[in-house]
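Sequence lines, in order, name chains A and B. Per our numbering, the very first residue in the first sequence carries number -18; after that it's consecutive. Per our numbering, the very first residue in the second sequence carries number 101; after that it's consecutive.
Derived by calculation from the structure, the hints in this document are not laboratory data. Each hint should be verified, as a subset may be incorrect.
With the Cβ distance kept under 7 Å, some of the chain A side facing chain B (calculated, not the full set) [claimed, not checked]: (1) Thr(-13); (2) Val15; (3) Phe19; (4) Ile20; (5) Glu31; (6) Ile32; (7) Ala37; (8) Phe43; (9) Met47; (10) Ile54.
Backbone N, C-alpha and C define an ideal beta-carbon position, used for all residues, glycine too.
Spelled out from the first residue to the last, the chains are:
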Amino acid sequence: MKESETLGRLLEKAQAASASFRKAMYLVLLALVVLNVFIVSHHPHFPGEEIPGFWAAFGLIFAVVMSFVLKKIIFPVIHRTEESYD
Amino acid sequence: MTDVSFVHPSLAFVALALVLPWLKAENHAAWRWLLLLPPVVAIASVVSLTLGPDGPRMIEPMRYLGVNLQFGRIDTLSLVFAHVFAIQSLIGMLYALHLPERRQHIAASLYIAGAFGCVFAGDYLTLFIFWELMSVASTCLVWFGANDRATAAGFRYFLFHVLGGLLLLAGLLMRHQATGSFDFMPVSPDAARYYDWLILAGFAVNAAVVPLHAWLPDAYPESSVTGAVFMSAFTTKTAVYVLARAYAGFEILAVMGVVMCLWGVFYATIENNARRILSYHIVSQVGYMVAGIGIGTAMTIDGACAHAYAHILYKGLLFMGAGCLLYSAGTAKLSELGGLASRLPLVMICYMVGAVSISGMPFFNGFVSKTMTITGAAEAHHTWLALGMEIAAVGTFLSVGIKLPYFAFWSKPKNDMPLKPIPWNMYLGMGISSFLCLFTGLFPQTLYSLLPYPTDYVPYTPWHLLQASLLLGFTGLGFYYMHKVLHPKPGRNLDFDVLYRIVGRLFYGLVSVPLAFLDGLWNDVYEKLGLKGLWQSAMATIVFDTKGIDGVLDGSARGVRDFGGVTGRLQTGRLQDYLTGVAALGLAIFALVWALW
């Protein structure tokens, strides 16, 4: 089956406009944190969960720490070539 | 109670597997529609099944070799798994419809038949039969990846599943010895005996519980494009079903489940092969289910079943997307892909539906099942376990939700690599999966109504929506900052299979070095002492015979030998000599009788 070229061109345009998307995403993230001031957990399951921005910090910190520790520290130790298993 | 009869879905799949060898590969255009028949029968059969007034129903057991085999136990737990198995079998067969290779379809049919057999099995013996059928058929699906690497991975896969099967067999036989029954019923954590633990270990192999998981990311990436779609659905989820059936509330499962959640995402974050990343995510996602079962409250068991249901749909979809990349571009390695979004936009969109579903984005099915398990864990006061699952959720979105599609579809300018056109049926399979991921996400009651325990969990509260959006949004921001660090590199990473290899080599070494040495030593001793002794005793016997015994018997033996020599010479072997002899003898007897009468 042949894929639609119109859709492809649309995606190419979107990729070219990635800078604007980035700005929009920052605004969305900011809006989410602001919302968090008004909407909070009524039954916090974790200590600190009631603080606005807790889950934002949780996601950001763990994403950065996991990427760094795994790729920069663990990966060089356990990485092998594809052929090493043959 | 035995008041129900139904068309066992396994029958339809076994029938297909028996018919296929008689069809010709060149008539594929005609017989391919047959492939869809068993899944349709399965869906009709499962949808028409209802519970009895007292709940569970049993079909009449079949008597075989002096034991009762219970092929049909129908209750809420078996129904929810059978339901999604039936749907996924249709999607998988659709995705494989273009293949003229009959062996692929035969292996897939038998594999699905095994999965249905396990889900409806009412006793351990029936379970074991179908368990092994799955293991053999799925090994074939790995081998049909059809290259040297797939062959080797298939052998490793099979070896590991033989181990799991043997643990299960040993456990169920010892259990029978001790209790006198093969009943497949829940085990109380306080009353578990050694045989229950053996069975649990056998189940843990198929559930890919760390550290028994390394067969999965080793074999699945090597299996055939369509085979991986089936495998991602049935083996581990059948194991989740049997764990939920017999081992709910086992604390060790709760802890190991969370270890699986984290282990899977850690490896997925640094892997290069798209199908291996997805395989590690099976370990991770099955971890949520195992943890839910281990915690063992009504809500977490519901969460585990709901997550299994959702997972089969979105993981199948992800494997179909990665399979399309492999089929079309000839590789699933992120380091060789990139810049394909504008050339394979539909594949990208379908993949993204799977990616946001697995990440638990609101309005997709992962959201309604994953939050249920995590909330259940937190409400059961397993705060640390729930926290571990949240960290795994970050890692899931990081690796499968953003990293994989970013490096496969974007990251580079438009890629000009040659692409093979993808058959329509593969798109249709992905389309149906995408629809179902969104549908069950938007209408969670359709899924919740199938669960074993009644639930009043409401996923769509403002707080749940905001919490999920914050978590995923800021994980995305984390990726944006770290995307250069996460750039994929060719190769693969050591896992627990290193340990399996060490154990294997030790065993091999034990056989080849000390045992071979002992064998050699024994040979030497035998040659030097045993053989020589025998030889000399034989010589002594000869001397004793000729000189000793013969002397005593006054040369009679020598006489017999000489007589033997003469008669030997008389026996010429010629017919006329014998006839002459017989005639002479007859004449002599006649003369004697005449003279004496």
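Indices of hints not satisfied (ascending): 1, 2, 3, 5, 6, 10
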